[in-house]
Structures are given as C-alpha cells and as structure tokens.
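Peer 1: If you read the protein sequences in the order shown, they are chains A and B. Heads up: the first sequence begins at 19 in the working numbering, then just goes up one per residue. Heads up: the second sequence begins at 3 in the working numbering, then just goes up one per residue.
It should be emphasised that the hints constitute simulated quantities derived from the structure, not laboratory data. Treat the hints loosely; a few may be bogus.
Stated by the list, open to error - Computed list of lysine-lysine pairs in BS3-like fashion (alpha-carbon distance at most 25 Å, straight line): (1) A:87 with A:128; (2) A:44 with A:74; (3) B:59 with A:44; (4) B:59 with A:125; (5) A:88 with A:128.
What the hints assert, rightly or not - Covered, in the sense of this in silico footprint (three residues per stretch, anywhere, with C-beta under 8 Å from a C-beta of chain B), are these stretches of chain A: (6) 40-48; (7) 71-80.
Claimed, not checked - A partial selection of chain A residues facing chain B, derived with a Cβ cut-off under 7 Å: (8) 59; (9) 61; (10) 103; (11) 106.
Glycine residues also receive a C-beta, built at the ideal position from the N, C-alpha and C atoms.
What follows is each chain in one-letter form.
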Amino acid sequence: SQQGEEDPQALSIQEGENATMNCSYKTSINNLQWYRQNSGRGLVHLILIRSNEREKHSGRLRVTLDTSKKSSSLLITASRAADTASYFCATDALLTQGGSEKLVFGKGTKLTVNP
Amino acid sequence: DTGVSQDPRHKITKRGQNVTFRCDPISEHNRLYWYRQTLGQGPEFLTYFQNEAQLEKSRLLSDRFSAERPKGSFSTLEIQRTEQGDSAMYLCASSLTGSVGELFFGSGTQLSVL
Numbered sequence: 019s020q021q022g023e024e025d026p027q028a029l030s031i032q033e034g035e036n037a038t039m040n041c042s043y044k045t046s047i048n049n050l051q052w053y054r055q056n057s058g059r060g061l062v063h064l065i066l067i068r069s070n071e072r073e074k075h076s077g078r079l080r081v082t083l084d085t086s087k088k089s090s091s092l093l094i095t096a097s098r099a100a101d102t103a104s105y106f107c108a109t110d111a112l113l114t115q116g117g118s119e120k121l122v123f124g125k126g127t128k129l130t131v132n133p
Numbered sequence: 003d004t005g006v007s008q009d010p011r012h013k014i015t016k017r018g019q020n021v022t023f024r025c026d027p028i029s030e031h032n033r034l035y036w037y038r039q040t041l042g043q044g045p046e047f048l049t050y051f052q053n054e055a056q057l058e059k060s061r062l063l064s065d066r067f068s069a070e071r072p073k074g075s076f077s078t079l080e081i082q083r084t085e086q087g088d089s090a091m092y093l094c095a096s097s098l099t100g101s102v103g104e105l106f107f108g109s110g111t112q113l114s115v116l
C-alpha cells in the first residue's frame, strides 16, 4: 500500500514560475523524503526532512513538514525546463507504530515546465 | 564504483517463462531494496536485505517471486511462471545501514510479459 499521496497528480507551468507539490501521509514517521524521476529512469534523492524539522532548503528547493497535519510540501523556485519530471514523496513509519525500515512512496506529481 | 547498476535494462518474455534480474549496489552499502513500479504509480516495496539477510518481504508478493543476496553484495530477483500482470519496471536501490536515509536507485529493469 502507498502511504503518501501527492497533490496535484499533474502540474504544468511556464519556465521561471514556482512549482508547489503537496504530500499527505497516514502514520507517524521518522523522516520524509522527496525524490525525482525522469521518464523511464530510476529515482534520484532530492531532500530529506526529519520529523522534528519544519522547513529545509536545498538550492532552489524548499520543503516544509507539518507533522500535526501529516503533510509536506515541495516548492521548486524559478523552474526550468530541465525540472520536468515526476516527483515523489516517501516516508518511513515509526518502528514503534508497526513501521519497518523501508520507504513507502506516494503516487507522484508529474511536473511539466514549458520553455 | 559509479552507482547502482541493474541488468538487463529491458526484458521481453512470454507468459509462463521464468526471468531473473540482477542488481549490483554501491559497494559499501549494506542495505538493498527491490521495488516494482507500474505506469503512473509510485514505486511499490517488494523486499529488502541487510547484508545477506532478507529482513522483510511484502505480503503482496506472490510465491512466484524470490530474491537472494547470497554474499551480501549483488542481488537477484527471480519471477517464475510470469504473468502479464508482472509487466512493470523493477527498481533496485541501496543504502547505508542505520535509520532509513537516502536510497540510491538503479535505472531499473523494464519487464514486458507478452
């Protein structure tokens, strides 16, 4: 089963605009990660945010985490055509709540950045 | 060592045949994961190893699927008596031991069952 659910399923924007993707999850977590996948390829790790963190930045990426709402958002600023890809959130549930040491992925948001 | 490698990249087989995929993780990584991904979906967990020990296997995985990591290095995933529903991208990932951190993924093996 997939714990994370991304929203929207698809997003199309113009180059230079910001892109915001949201992720909701169901159980308490250790950390939440975001990955990117170009068509037909493997996933690439973007950023990890721990359950005791609220915001994290990496280059043009900004991730927020709200554990009370069980949600996270990924913001890509000043988007480029090369950012076109699918983006997935992934969580690992707390071992004390029946989780295990694996990542559970959402269904992803397909981002298209038009030049 | 440049990353996780998977072989083959593509596999076309007929229904009922057996197939085997190989994954070579990053050399110092103790953990190795197998995921399956169908079009428009996120990766679905299949199983994972710590060194040579298989620590968890998805309940969704039928008995036709088996994975090994005999010496704690490369891993193989075998599917017996393939069915059309097995058509998917099979992804391998590795990581260092410890709390679940960054996974490093291979490019995957795309399986098509005719």
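Peer 1: What are the numbers of the hints the structure violates, in ascending order?
Peer 2: When the structure is compared with the hints, numbers 6, 7 and 10 turn out to be violated.
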